[in-house]
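**Q** Given the sequences, and given the hints that come with them, work out the whole structure.
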Amino acid sequence: MYEIKTIGVLTSGGDAPGMNAALRAVTRSAIFNGLAVKAICRGYKGLITDEILDFKTQNVSNIIQHGGTIIKTARCPEFKTPEGRKQAFETMQKHNIDALVVLGGDGTFTGARTFAQEFNVPIVGVPCTIDNDLCGTDKTIGYDTALNTVIECVDKIRDTASSHERLFFVEVMGRDAGFLALNAAIASGAEAAVIPEVAIKEDMLAEVIQNGFRKTKNSSIVLVAESDVTGGANGVAEKVKKDYPQYDVRVVVLGHIQRGGTPSATDRILASRMGAAAVEALLDDQRNLMVGIQNDEIVYVPFSRAIKDDKPINKRLLQVLRTLSI
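Counting the sequence shown from 1 gives a position; the working numbering is that position plus 402.
Rather than coming from a laboratory, the hints here were simulated on the basis of the structure. Since this is a predicted model, take the numbers as computed values, not measurements. Take the hints with a grain of salt, since some may be wrong.
[What the hints assert, rightly or not] Derived lysine-lysine pairs resembling DSSO-like cross-links, with alpha carbons at most 30 Å apart:
id, residue 1, residue 2
1, Lys488, Lys474
2, Lys713, Lys644
3, Lys717, Lys641
4, Lys644, Lys558
5, Lys710, Lys482
6, Lys407, Lys496
7, Lys496, Lys482
8, Lys407, Lys458
**A** The following block contains the structure:
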């Protein structure tokens, strides 16, 4: 059995509310179990440039309520090269780091999987992404907070849309996944959602527009997932302006506001459970996997499944949205 005395922890990729809560959980769970903790700043980049800090329990005091990540995050093209990964492994050896816990999303786990295979390093991933697009887990850390942020913004946009009798297309994050757009549309009472999982058709768009601006409604809001498939809110709006010039169309791109803010109670609890479970997995000699949650129970999912499979969206929710938007 591989003996672990020191673990390294890093946050990588786009930040997500709850990352700090997960970092706190990993650090304190490791210390509770007699392990030393090294915080790696700026993700995989810090492994290459040797930005390593000794972490004690006080280093993660008073951070559970903060968004972002106190150890920073960064994209790292160098880690995609064999030379970069070799340098990262040498940094681990220099600091006597025996295993890694990586907090991030698809790109983070793709890099972790390759690194683990090349250097036989035990690595466990904690899913932190507002996109909720990782297979094998019902929820990812940050998704609930981002969803609530979107809803709050759409509620405010509704006031203006109603006052001016306008058609608003609101673009939300999600990369190639429509979880945020669809669920936020249901929760905010929007008229429709345009998501990459369901390619938008001419007649569907026409139905949205015509139903949205009937006599009993003086405004309409459509949520659009950012994606090459959907064309984003600007792409959809341009088409509507061309085909329906009689409507007063506006576009709002929520952008990075969705990433920030105080994590919700749901995300804090999820991050705490997953962070502790990541340390437990390493102590059980498990590796090359992501911590997930299914039916409110912690599960362990191989990296290969988490990053290779497309997480299916519940298309019955589309019918719920359609039914309730009449």
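**Q** Which earlier hints turn out false for this structure, listed by number in ascending order?
**A** Of the numbered hints given earlier, the structure breaks just one, which is hint 2.
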